[in-house]
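Novice: Each chain, written out:
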Amino acid sequence: MSSILPWILLLAPLCSAACITLFALRWKALSSFISIMAVLLSFICSCLVFARADISAPQFGWIDVAGALKVPFGLTQDQLSKMMLVLVSGVGAVIHIYSLGYMRDDEGKSRYFGALSLFMFAMLGIVVANNFVMLFMFWELVGFTSYVLIGHWFYRDAAAAAAKKAFITTRIGDFGFMIGILMLWMATGSIVFAEITPRMSMLTSHPTFLTVVALLIFCGAVGKSAQFPLHVWLPDAMEGPTPISALIHAATMVAAGVYMLVRVAFVIQTSQTALLVIAWIGTITAVLAALIATQQNDIKRILAYSTLSQLGYMVMAVGLASNDASMFHLFTHAFFKALLFLAAGSVIVMLHHEQNIWKMGGLSQKLPITFVTFVAGALALIGCPPFSGFFSKDAILALAYQRNVPIFAVGLFTAFLTAFYVIRLLVIVFFGKPRSEVARESRESPAVMTGPLIVLALLATLGGFAFFARRFLALPIEKEVAVFVPAVAIVALILGSGLAIVLYRNRASEPLDLQLLRHKFYFDEFYRWLIYWTQELLAGVFAFFDRWIIDAGAVSGSGRGTLGIGALLRLIQIGNLQAYLFLFGLGIVALIYFAVFH
Amino acid sequence: MSYLELLKLASTEAVVVVTALVVLAIGLTTRREATGVTVATAQGDQNVGGSSSARTNAICSFIAALGLAIAIGTALMLPRKATLFSGMLVITPLTSLFKIICMALAFFAVLLTKSEKSLRHPGEYLAILLLATVGLMLLVSSEELLMIFIGLELLGLSLYVMVAFDKTDVRSAEAGLKYFLFGSTSSAFTLFGISLIYGMSGITSLAAISEKLATVSVQPLLAVGIVMTLIGFAFKIAAAPFHLWAPDAYQGAPIPSAAFIASGSKVASFVVLGKIVLVGFAPLHGDAAWHAMVAGWSPVLAALAALSILVGNFVALAQSNLRRLLAYSAVAHAGYTLIGLVAGDREGFSAALFYTTTYAITLVGAFGVVALVRRETAGDDFSNFSGLISRSPMLAGCMSIFMLSLAGIPPLAGFFGKFYLFSVALRADAGHGLLWLVAVALFGSLISLYYYLIVLKVIFVDEPSLAIASSPDHLSPDLLQRIAVAVLAAVVLFLGLMPDALAAGLLAAMP
Amino acid sequence: MPPFLFWLFASLMLVFGAAVVLNRNPVASALSLVVSFLGLAALFMSLDAYFVGIIQVLVYAGAVMVLFLFIIMLLNLRAEEGRRINWLAATGGIVVALILVIQIFSVIGHFQAARQTFPSLERSTTDDVWNIGALLFSNYNLPFQIVGVLVLVATIGVVLLSKREPR
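Chains as they are written, first to last, in this note's numbering: chain L, 2 to 599; chain P, 23 to 533; chain D, 55 to 221.
Simulated from the structure, these hints should not be mistaken for lab results.
The reader is advised that the hints may include incorrect statements.
Stated by the list, open to error - In silico DSBU-like cross-links for lysine-lysine, where the CA-CA straight-line distance does not exceed 35 Å:
(1) D:Lys217 to P:Lys479
(2) P:Lys103 to L:Lys71
(3) L:Lys29 to P:Lys234
(4) L:Lys29 to L:Lys166
(5) L:Lys360 to L:Lys29
(6) L:Lys71 to L:Lys360
(7) L:Lys29 to L:Lys367
(8) P:Lys234 to L:Lys360
(9) L:Lys360 to L:Lys434
(10) L:Lys166 to P:Lys479
(11) L:Lys367 to L:Lys434
(12) P:Lys234 to P:Lys103
(13) L:Lys110 to L:Lys360
(14) P:Lys479 to L:Lys110
(15) P:Lys30 to P:Lys103
(16) L:Lys110 to L:Lys71
(17) L:Lys367 to L:Lys110
(18) L:Lys110 to L:Lys29
Please build the complete structure, drawing on both the sequences and the hints.
Specialist: Pasting the structure below:
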C-alpha cells in the first residue's frame with residue numbers, strides 16, 4: 002500500500018487529463034468534477050505520504066540503452082519533495098475549486114480543466130523526479146501546459162502572443178539547462194541525483210567546469226522562474242485566466258525553478274563564483290521588478306511584478322547558499338501570492354473583467370471578504386509581522402546581512418519598495434471613492450470563490466510561525482543578528498507604507514510619472530530592437546548574397562531588406578535552376594577545400 | 023554459391039519485386055477492362071475514369087500492402103548472419119531490422135496513395151513504389167560500394183518517376199525535373215568518388231577497404247574520393263547545401279512520394295551512410311573538435327550538419343506552406359542526425375538511426391494528415407489547415423503530436439531522440455570537442471519551436487477560412503487512413519515513453 | 055599506346071563533349087556525342103579493355119545514338135532559338151567548375167603513387183567476353199539482376215511520363 006501512494010498521487014491528474022480530453026470534452030460539469038476529484042485524491046495521498054516516514058516508491062528502469070544511457074523512473078521521497086507535494090497539491094486543490102466559480106460560464110471549461118489536470122501531473126512530476134531526464138521532461142511538459150493555459154483565451158491576440166512568448170522565452174533558458182545536464186552527465190556518468198552527489202568530489206579539481214555547469218543549470222531556473230534577463234514573459238502571462246496566474250505564475254510553476262535549484266544544490270554549491278552570480282541575479286531581479294511594479298496600473302501586472310520580486314528573493318537565498326531560507330520563502334509565498342491572485346480575481350470578475358486599478362476604488366465595503374483576505378495577503382507580502390511573509394523574508398535578509406552586505410542593502414531597499422507598491426495598490430483599489438460605474442455596482446463573490454480565499458488567508462497569516470512551518474520544512478537557524486535585521490526591515494516597511502499612503506490617499510489619478518519605470522526599463526523594446534537588428538544584419542548579408550551571386554534579375558527587388566532573414570533565405574530557393582546548381586557546385590568545392598586544403 | 027541459396031537470402035527482395043510485377047499486371051489489365059465496360063460502372067456523380075481508377079487503386083493497394091506484409095514475414099525468417107559475394111548482400115540483425123522498418127514505412131506510403139485523387143495509374147505508381155522499396159532494402163543490406171551505387175540508382179530512378187508522377191500538376195513535373203537533375207549530378211560525383219576509392223584500394227567491399235586504408239597514409243586524393251562519395255548521400259538526406267531540391271520535391275510531388283522520400287529514402291540513406299563511414303572509412307575518422315580538427319570524414323559531416331541545422335531552421339521560419347516547411351525542417355533534422363555519425367561509434371550510429379527512424383515515422387504521419395487535409399480542402403498552405411481542430415479534432419491532435427515531437431518536446435519520441443544524440447555526441451570526445459555542434463543543434467531546435475508553434479496556432483487558433491468551411495467536399499470518411507495516422511501518432515508517443523523498445527534493439531543489433 | 059595518342063583521343067573526347075552542350079542544333083549535338091564516344095572507346099582500347107571498347111562503339115555510338123537521331127528527326131526538333139546568355143550565371147558556373155578542376159589537378163599532382171609506372175596487367179588465357187560473362191553470372195550476379203530491375207523502373211517511368219493523357 003505504502004509504495005503505491007506516490008504513484009497514485011502522481012498519476013491521478015494524468016488519468017483525469019486523459020479522461021477529459023478523450024471522453025468528457027462535451028460535458029463541462031463532468032470534466033470539472035473529474036479534475037477536482039483527481040486533484041483532491043492527489044492532495045490526500047500527498048498528506049498521507051507526508052505523514053508517514055516509511056514510504057518509498059520503487060524505482061524501475063525506464064530507458065536502458067545497453068549501459069550507454071540509463072534513465073530510471075523513480076520518485077524522490079525526501080523531506081523536501083514531500084513538503085512540495087503537499088504544497089503543490091494543496092494550493093492546486095484550492096485553485097481547482099476556485100476555478101469552478103471563476104470559469105463558470107467559460108466556453109472552453111472542459112479544455113481548461115483538462116489542461117489544469119495535465120499541469121498538476123507535470124508539476125508533481127517535477128517535484129518527485131529523481132533524475133535529470135525525468136526532471137527535464139516534466140519541466141518541458143509544465144512549459145507546454147502553461148503555454149496552453151496562458152493561451153486559453155486564444156482568440157485574444159494578446160493571449161496568444163503571451164503564450165508563445167512565455168513558451169519560447171523559457172525555452173531559451175532550457176537551452177542552457179539541457180547543455181548543463183549533458184555536461185554533468187558526461188562528467189559523472191549518471192543522471193540520477195543520488196548517484197551524482199557522491200561523484201561530485203571527482204570534479205573538485207575542475208573549478209571552471211563546475212562553474213560553467215552550475216550556471217548552465219541555473220539558466221533553466223532563470224527561464225522558468227523568470228529571473229532577469231528572461232523575466233519579460235511573466236507579466237505578459239497575466240493574459241491567462243486569473244486562477245492560472247495564481248496557480249502557475251505565482252505558487253507553483255515559477256517556484257519550480259527555485260525548487261530545482263534547491264534540488265541540485267549539491268552541484269551549485271560547489272562553485273563560489275556561480276553562487277555569487279546567482280545571488281546577484283536574484284537581487285537584481287528583486288529590485289528591478291519592485292521598481293517596475295511601483296508604476297503599473299493593471300492589478301494583475303502589479304502582482305506579477307511582485308511575484309518576480311519575491312522570486313528574486315528566493316534565488317538570492319539560493320545564491321547565498323541557504324536552501325532552508327529559500328524554501329521557507331517559497332512556502333509562505335505560495336500561500337500569500339495565490340491568495341492575492343485569487344482575491345484579485347474575485348475583484349476582476351465582480352467588476353466584469355476590469356483590471357485597471359484607477360477604475361476601481363472604494364471596494365472595501367462592496368467586497369468585504371475579498372478585502373479582508375486581500376489585506377491579509379498584502380501584509381504577508383510586505384513582510385508585516387506577524388504575517389507569514391515577515392518570517393521568511395526576515396530569514397533571507399538576515400542571511401544576506403551575514404554573508405554579503407551589498408546584497409542586504411539592495412534587499413532592504415526592495416523591501417521598502419514592496420511596501421510602497423503594495424500599499425499603493427491597496428489604497429487605490431479598496432479605499433477612496435469608486436472611480437467607475439462597475440466599481441459602484443460590484444458585490445461580493447459566490448462562496449465557491451470566497452471559501453478558498455478564506456482558507457488561503459488563514460494559511461498566509463499563520464504559515465510563517467515556527468510551530469506550523471516546522472512541520473513541513475527545516476527552518477533556517479536564526480543567528481544573533483536577529484534583533485537588528487527585523488528592526489531595520491520594519492522601519493523600511495513603515496517608511497514605504499507611509500509614503501504610499503501619503504501619496505495616494507484620495508487620489509483619482511497617478512501623481513508620479515516615471516516613464517522609465519512605467520515602460521519596464523524598456524526591456525521589451527530593447528529585445529524587440531535586438532531581434533530586429535539581428536534580423537536586419539543577417540538580412541543584409543543574405544540580400545548581398547542574393548543580389549550578387551544568384552541571378553540578379555530573377556528575384557524581384559520589392560520588399561528586400563524589410564523581410565526577415567527567413568524570407569531572404571527563401572529567395573535563394575526561388576531562383577532558377579542555374580543558381581541551384583551553382584550553389585550545389587559551390588558546396589562541393591567548399592567541402593573539398595575544407596577536407597583537403599584546410 | 024548456388025542460385026537457390028541466393029534466392030533464399032534475397033527472398034524478401036524477391037517477394038517485393040514479384041509483388042511489384044503483380045501489381046503492375048493488375049494495373050494494366052484492369053485499366054483495359056475499365057475502358058471496355060465504362061457504361062456498366064458509370065453511376066452517380068463520379069465520372070467513369072474516376073470510379074474505375076479508384077477500384078484499381080483499391081485492388082492494387084491491397085495487393086501491394088499484402089505483398090509487403092508477406093515480405094516482412096520473410097524478413098523475420100532470415101538467418102541471423104550471412105554474407106554473399108563478399109559483402110554485396112549482408113544479413114545481420116541490423117539489416118533485417120531496417121529492411122522491416124523500410125517496408126513498414128513503404129506500407130504506410132501505400133496506404134497514403136488511397137487518398138490521392140489525381141493518381142491516374144495506381145498500378146504503375148505502386149509498382150514503382152515497391153521497386154523503390156527494393157532499392158531501400160538493397161541499400162540497407164549491402165556492404166559493397168558497387169552494390170550500394172546500384173541500390174542508390176534504383177532508388178533514385180524510382181523516386182524521380184514518383185515525384186513527377188502527377189501529370190496534371192505542373193509543379194510535380196518541375197519538382198521531378200529538379201530532383202532528377204540534382205540526383206544525377208550528385209550520382210556522378212558519388213560514382214567518381216567511389217572510383218577514386220576503388221583506385222586507391224583496389225577493392226569495393228567496405229570491410230576490405232577499411233583494412234586497406236588502415237595501412238596507407240592519408241592522402242589528399244583519398245580525401246577527395248571520400249568527400250565525393252559522401253555528396254550523393256548528402257543529397258539523399260537533403261543536407262545543406264545539397265538540399266535545394268527538397269522544398270520543390272516535398273511540395274510538388276504527390277503526397278505518398280513526398281512521404282516516401284522523407285521517410286524510407288532518408289532512413290536507408292542514413293543506414294548506408296553510417297556503414298560507409300563507420301565500416302569502410304573507419305581509419306579516416308578524423309576529428310571534428312572545434313580547436314583540433316583533424317582531416318577525415320567527421321569534420322566534413324560536422325560542417326554539413328551545422329550548415330543544415332542553421333539553413334533549415336532559418337528558412338523554415340519564413341514558410342507559409344506546410345509541405346515546404348516540412349522540407350526545410352527535414353534539412354535541419356538531417357543535420358541533427360548527422361551529429362550521431364560525427365560522434366562516430368556504435369552508440370553514435372545507433373543514436374542516429376534511432377533519430378532518423380522516429381523522424382521518418384513522424385513525417386509519414388504528418389504527410390498522412392496533409393494528405394487528408396488536402397483531400398478535403400484541395401491545398402496544403404497554412405490557410406488550408408486553419409481551424410482544423412473544429413473540422414477534425416482527431417487529425418488536429420495527431421498533427422500536434424507530430425509537430426511537438428519534431429520540436430523535441432518531451433515525452434514524445436523526438437525529445438528522447440535528440441537527447442540521445444546530443445548525449446552521445448558529447449561523450450564521444452573526452453575534451454567536449456563536439457560541444458560546439460551540440461550547441462548549434464540546441465540553438466536550432468530552439469528556433470524550430472517557433473515555426474512548429476505557428477503550425478499549431480494555425481490548427482487550433484485560426485478561424486477556418488470561409489471557402490473551406492462551406493466546401494461540400496469535406497465529409498469523406500477515410501477510415502483506414504485516419505486509423506493509420508492515429509497508429510503513427512501512438513507510435514511516436516510510445517517511442518517517447520518507452521524509447522528502450524527501439525533504442526536497445528538498435529544497439530544490440532549493431533555489429 | 056604512345057602518349058600522344060592518349061592526348062589525342064582524350065582531347066577529342068573533351069572537345070566534342072563540349073560541342074554537345076554548346077551546339078544549338080540537336081542533330082549536330084547528337085553527332086558530336088558520337089565522336090566523343092568514339093574517343094572514349096579508343097581510350098578503353100588503349101587500356102586493353104577491348105570488349106568494353108567495342109561495346110562502347112556498338113551500343114552507344116551505334117544503337118543508342120541512332121535512336122537519338124531518329125527521335126530528333128521524328129519529333130522534328132529544330133535548332134534552339136538563340137537566347138540571351140545569362141553572363142552572370144555562365145561566369146558563376148565556369149568559375150565553380152574551374153575551381154573544381156584546379157582542386158582535382160592539384161590533388162592529383164601531389165599524388166605520389168601516380169608518378170610511377172604500374173606493372174602491366176597479366177595476360178589472361180581466356181578472352182574478355184568469357185571473363186566478363188563468368189563474372190557477371192557468378193560474383194556479380196546480384197547486381198546484374200538488380201540492374202534488370204533498374205531497367206524495368208526506367209521503362210515504366212519513361213512510358214508513363216511520356217504518354218499523352220486523354221484530358
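Novice: Against this structure, judge whether each hint is valid.
Specialist: We went through each hint and held it up to the structure:
1. D:Lys217 to P:Lys479: violated (43 Å)
2. P:Lys103 to L:Lys71: holds (29 Å)
3. L:Lys29 to P:Lys234: At roughly 71 Å apart (the allowed maximum being 35 Å), Lys234 (chain P) and Lys29 (chain L) break the hint.
4. L:Lys29 to L:Lys166: With Cα atoms ~29 Å apart, Lys29 (chain L) and Lys166 (chain L) stay inside 35 Å; holds.
5. L:Lys360 to L:Lys29: The hint holds at about 33 Å.
6. L:Lys71 to L:Lys360: violated (58 Å)
7. L:Lys29 to L:Lys367: holds (31 Å)
8. P:Lys234 to L:Lys360: violated (84 Å)
9. L:Lys360 to L:Lys434: holds (10 Å)
10. L:Lys166 to P:Lys479: holds (13 Å)
11. L:Lys367 to L:Lys434: Judged against 35 Å, a Cα distance of about 11 Å means the pair holds.
12. P:Lys234 to P:Lys103: holds (24 Å)
13. L:Lys110 to L:Lys360: Within the cut-off at roughly 28 Å; holds.
14. P:Lys479 to L:Lys110: Holds, at roughly 19 Å.
15. P:Lys30 to P:Lys103: holds (13 Å)
16. L:Lys110 to L:Lys71: It is violated: about 40 Å lies between the C-alpha atoms, which goes past 35 Å.
17. L:Lys367 to L:Lys110: holds (28 Å)
18. L:Lys110 to L:Lys29: Since the Cα atoms of Lys110 (chain L) and Lys29 (chain L) sit roughly 6 Å apart, the hinted pair holds (cutoff 35 Å).
In this structure, the earlier hints numbered 1, 3, 6, 8, 16 are contradicted, and the remaining ones agree with it.
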